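Chemist: Each chain, letter by letter, is given below.
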Amino acid sequence: MKFLNGYSDASLVKRLADDIERLVGDLGREVSFMEVCGTHTMAIFRYGLGQMLPPQVRLISGPGCPVCVTPPSYIDLAIEIARIDGVTVATFGDMVRVPGTHSSLEEEKARGADVRVVYSPLGALEIARKNPEKSIVFLAVGFETTSPTAAAGLLKARQEGLKNFCILSAHRLIPPAIRALLAAGAKIDGFILPGNVSVIIGRAPYNFIAEEFGVPAVITGFEPVDILLALRMLLSQISESRQEVEIEYKRAVKPEGNKRAVETLHQVFEVREGQWRGLGHIPESALILKPEFQHFAAEEIFDISLEASREPSGCRCGEVLRGVLEAEECGLFGTGCTPQHPVGPCMVSSEGTCAVHYKYARSPSAVGRQ
Amino acid sequence: MGTGNKDERILLAHGGGGSLMRGLIESLILERLNNPVLSRLEDSAILPSLPAGRKAASGRLAFTTDSYVVKPLFFKGGDIGKLAVCGTVNDLAASGARPLWLSLSFIIEEGFLIDQLERIVDSIAETSGQAGVKVVAGDIKVVERGAADGIYINTSGIGLVPEGVNLSPSLIEEGDAVLVSGPIGEHGIAVLSAREGMEFDIDVESDVAPLGGLVADILDTGESIHFLRDPTRGGLAAVLNEATSAAGVSIRLFEDKIPLRPGVKALSEMLGLDPLSLACEGRMVAVVDKKGAEKILRRMRESPWGKEASNIGEVVEPMAARVILETKVGGTRIVDMPYGEELPRIC
Amino acid sequence: MCLAVPAKVIEVSGTKARVDLGGATHQADLTLLGKVEIGDYLLLHAGFAIARLDAKEAEETLKIFREMEGEISKRL
Numbered sequence: 001m002k003f004l005n006g007y008s009d010a011s012l013v014k015r016l017a018d019d020i021e022r023l024v025g026d027l028g029r030e031v032s033f034m035e036v037c038g039t040h041t042m043a044i045f046r047y048g049l050g051q052m053l054p055p056q057v058r059l060i061s062g063p064g065c066p067v068c069v070t071p072p073s074y075i076d077l078a079i080e081i082a083r084i085d086g087v088t089v090a091t092f093g094d095m096v097r098v099p100g101t102h103s104s105l106e107e108e109k110a111r112g113a114d115v116r117v118v119y120s121p122l123g124a125l126e127i128a129r130k131n132p133e134k135s136i137v138f139l140a141v142g143f144e145t146t147s148p149t150a151a152a153g154l155l156k157a158r159q160e161g162l163k164n165f166c167i168l169s170a171h172r173l174i175p176p177a178i179r180a181l182l183a184a185g186a187k188i189d190g191f192i193l194p195g196n197v198s199v200i201i202g203r204a205p206y207n208f209i210a211e212e213f214g215v216p217a218v219i220t221g222f223e224p225v226d227i228l229l230a231l232r233m234l235l236s237q238i239s240e241s242r243q244e245v246e247i248e249y250k251r252a253v254k255p256e257g258n259k260r261a262v263e264t265l266h267q268v269f270e271v272r273e274g275q276w277r278g279l280g281h282i283p284e285s286a287l288i289l290k291p292e293f294q295h296f297a298a299e300e301i302f303d304i305s306l307e308a309s310r311e312p313s314g315c316r317c318g319e320v321l322r323g324v325l326e327a328e329e330c331g332l333f334g335t336g337c338t339p340q341h342p343v344g345p346c347m348v349s350s351e352g353t354c355a356v357h358y359k360y361a362r363s364p365s366a367v368g369r370q
Numbered sequence: 001m002g003t004g005n006k007d008e009r010i011l012l013a014h015g016g017g018g019s020l021m022r023g024l025i026e027s028l029i030l031e032r033l034n035n036p037v038l039s040r041l042e043d044s045a046i047l048p049s050l051p052a053g054r055k056a057a058s059g060r061l062a063f064t065t066d067s068y069v070v071k072p073l074f075f076k077g078g079d080i081g082k083l084a085v086c087g088t089v090n091d092l093a094a095s096g097a098r099p100l101w102l103s104l105s106f107i108i109e110e111g112f113l114i115d116q117l118e119r120i121v122d123s124i125a126e127t128s129g130q131a132g133v134k135v136v137a138g139d140i141k142v143v144e145r146g147a148a149d150g151i152y153i154n155t156s157g158i159g160l161v162p163e164g165v166n167l168s169p170s171l172i173e174e175g176d177a178v179l180v181s182g183p184i185g186e187h188g189i190a191v192l193s194a195r196e197g198m199e200f201d202i203d204v205e206s207d208v209a210p211l212g213g214l215v216a217d218i219l220d221t222g223e224s225i226h227f228l229r230d231p232t233r234g235g236l237a238a239v240l241n242e243a244t245s246a247a248g249v250s251i252r253l254f255e256d257k258i259p260l261r262p263g264v265k266a267l268s269e270m271l272g273l274d275p276l277s278l279a280c281e282g283r284m285v286a287v288v289d290k291k292g293a294e295k296i297l298r299r300m301r302e303s304p305w306g307k308e309a310s311n312i313g314e315v316v317e318p319m320a321a322r323v324i325l326e327t328k329v330g331g332t333r334i335v336d337m338p339y340g341e342e343l344p345r346i347c
Numbered sequence: 001m002c003l004a005v006p007a008k009v010i011e012v013s014g015t016k017a018r019v020d021l022g023g024a025t026h027q028a029d030l031t032l033l034g035k036v037e038i039g040d041y042l043l044l045h046a047g048f049a050i051a052r053l054d055a056k057e058a059e060e061t062l063k064i065f066r067e068m069e070g071e072i073s074k075r076l
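Residue numbers (my numbering), protein chains in the order written: chain F, 1 to 370; chain A, 1 to 347; chain U, 1 to 76.
Treat the hints as calculated values from the structure; they're not laboratory data. Keep in mind the model is a prediction, meaning the values are calculated, not measured. Hints are supplied without guarantee of correctness; some may be wrong.
In silico contact screen, one side only, chain A against chain U (beta carbon under 10 Å); selected entries [as the list claims (entries may be wrong)]:
#: 1; residue: M21
#: 2; residue: I25
#: 3; residue: R252
#: 4; residue: F254
#: 5; residue: D256
#: 6; residue: I258
#: 7; residue: P262
#: 8; residue: G263
#: 9; residue: V264
#: 10; residue: L267
#: 11; residue: G272
Covered stretches of chain F (in silico footprint by chain A; criterion: 3 or more residues with CB under 8 Å from a CB of chain A, positions within the stretch not fixed) [unchecked claim]:
#: 12; segment: 1–14
#: 13; segment: 197–210
Ideal Cβ placement from N, Cα and C applies to all residues, glycine included.
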């Protein structure tokens, strides 16, 4: 898309990096910015932006990685369901390697479970149509960008009278998680807010960040210029003693969001308290199916009781997700927990903080380790 | 057999060693792959004397084997048959050998459509012709329905390494240039997009191709070639990590020099995949003395298999990271050894 | 959050649109967006179009940044 080329322009990126260095130099202190969204963590890594920032700018990865915050109980339940004869589990690729208490979907697949990766809930619907003799369970994971697509998929299933399709919802909401972090006293000087979640929900749900907690925030796109421009906007807010929720990602985000998508969401889902790995219980932060859609809920259809799930011992993903622990400070980092043999979700997910740190911040003493 | 009846299927008996199998071999295999050695259908192929030539007299043999289990069997730009020839031919070529002879083994699932088998063998015949190799030995086994996912193929290959040709990671030196013969990730994307559930129409075809000729051209320049490898599963990332590991060096890559088709880029972004880890099946990576890099590049570009060859990086002193990429916007990141399966991401 | 890519509408049929991602085309579901026109740029996520991209806004943002540049130099 030609009109987007400017957002990857190397000279613009360089100028922005210089600006950031100048602004933070003028400020005379360190700043910690949280980029909430896993896709931002990934983009920063992919473009190598971390190295371009001055050391006084610290980037913390937040809990916006749906794989990372999904509690082990959800994976355990998905695994139990996958083990049932006649069931096909349809899932986004992100979930396949996440460890539950004893196993993972990937391991279950090796043991004979029918686990298929889809790119869209529509893909799961297609599997259901083509395999009427099987029960398709779609693992509905993701934040506000993804949950409307699951809602739309479910409406289609109902409309078509599909009898063999259901979902296991782990959908979560971003603003309540940010509120929980701030309420717990996290020291954050500014937020890089998830651009595509904001495409759906608009700006209003984030106003509390500036109004109640006095922290600057910028709704940000995912190209290199987007991210650096947003950092610059945050630094400008700080220098000018402003606290606002600004939109950098204007080409995609309207202040009022995508009303149609939100309506579709509310037709199918309602809000409840949710359990987040690392953050615990957060009120009004999870989506469950409304009563009139309960017959599509996998928990209703498959009567399963599980033993209590537990976090793997030594795993400190929770603290990493809250931004209070550096990946490298975890005792398992790089030794007992690596991308090849992950213990916790922050290492499994390719955009989890630990996985990203493992890739680009390893110490020089690692020479010859392989 | 091969009567053109589209519904005819492979039976267990076709693998039984009896008349049904003989019939299959004669009417389906020999009709397409005939040569004096294979047509003898003896227990072993007695190979002709090594081809004469100024470098052949004391050349060394190269020998390799590979199995092909790709799904789906037919994809844009190729099929399992073409893959089975090219994969093995390219492994021979990467060691500097001129590929000569292949063995061909099938493990076929009961119920497999004979029509599809014919298409696959046609492909093998065509590709081995292009590659200048002969299939001289073969085997067919048939297993019960459900036991082989359609068809599995194994090919082993023999080639001749000319006198004086020595390729090894241990020859890689700091300052060497890293070249690639064409755009990356096409095979990986072609196969992925042909799988059920991924409805993308792409103008990307698998790059699967036999590279014996390209390698011969490269060696013919007389320049100092240190190391060759064809990236397959795991893509460029896997090959470069393996090479730097074995050689005890690091490589710095330049993102803007790595050839990438728009379709591969678009689909990789959509699915959250890293093109550097996507499979190729018709590309060669060459690590060469930088003095000869320009000349080698020019020669590669004259070949139909190297038209878009590019100098993508340099070998540097060993660092914490084996393979480092300078991104298009001026940042740097590490390119790690891929896990083993690129899963499409949503977030 | 989440991966979304820009794509140009090349054909519309009911609740679906054929979009061009630049070297690949895809059938995008329009249920979450509504009416679109050929030539529109959409943002795609998980098989659905979730937004229409505003090319003018895209340019504006870059323009503003370039102006900000000028301001900062003046302030220093």
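Chemist: Evaluate each hint against the coordinates.
Modeler: Hint check:
A cut of 10 Å between beta carbons decides the hint on M21/A: the least distance to chain U is about 43 Å, and the hint is violated. A least Cβ separation of about 41 Å between I25/A and chain U goes past the 10 Å threshold, and the interface hint is therefore violated. Checking R252/A against chain U: minimum C-beta separation of about 28 Å lies over 10 Å; hint violated. Evaluation of the F254/A hint against chain U yields a violated restraint, the C-beta minimum of about 22 Å exceeding 10 Å.
Among the interface hints, the one on D256/A is violated; its C-beta lies about 17 Å from the nearest C-beta in chain U, farther than the 10 Å criterion. About 16 Å separates the beta-carbon of I258/A from the nearest beta-carbon of chain U, more than 10 Å, and the hint is not met. Restraint check, P262/A versus chain U: the minimum CB separation of about 3 Å is within 10 Å; hint holds. Because the beta carbon of G263/A sits about 3 Å from the nearest beta carbon in chain U, less than 10 Å, this interface hint is met.
Interface restraint check for V264/A: the shortest CB-CB distance to chain U comes to about 7 Å, inside 10 Å, so the restraint holds. For L267/A, the interface hint holds, the least distance from its beta-carbon to any beta-carbon of chain U being 5 Å, beneath 10 Å. This hint holds: G272/A has a C-beta 5 Å from the nearest C-beta of chain U, less than the 10 Å allowed. Under a criterion of three residues with beta carbons nearer than 8 Å to beta carbons of chain A, the stated coverage of the segment 1–14 of chain F is upheld, 5 such residues being counted.
With 0 residues having a Cβ less than 8 Å from any Cβ of chain A, the segment 197–210 of chain F misses the three-residue criterion, and the hint is violated.
Checked against the numbered hints above, the structure breaks hints 1, 2, 3, 4, 5, 6 and 13 and satisfies the rest.
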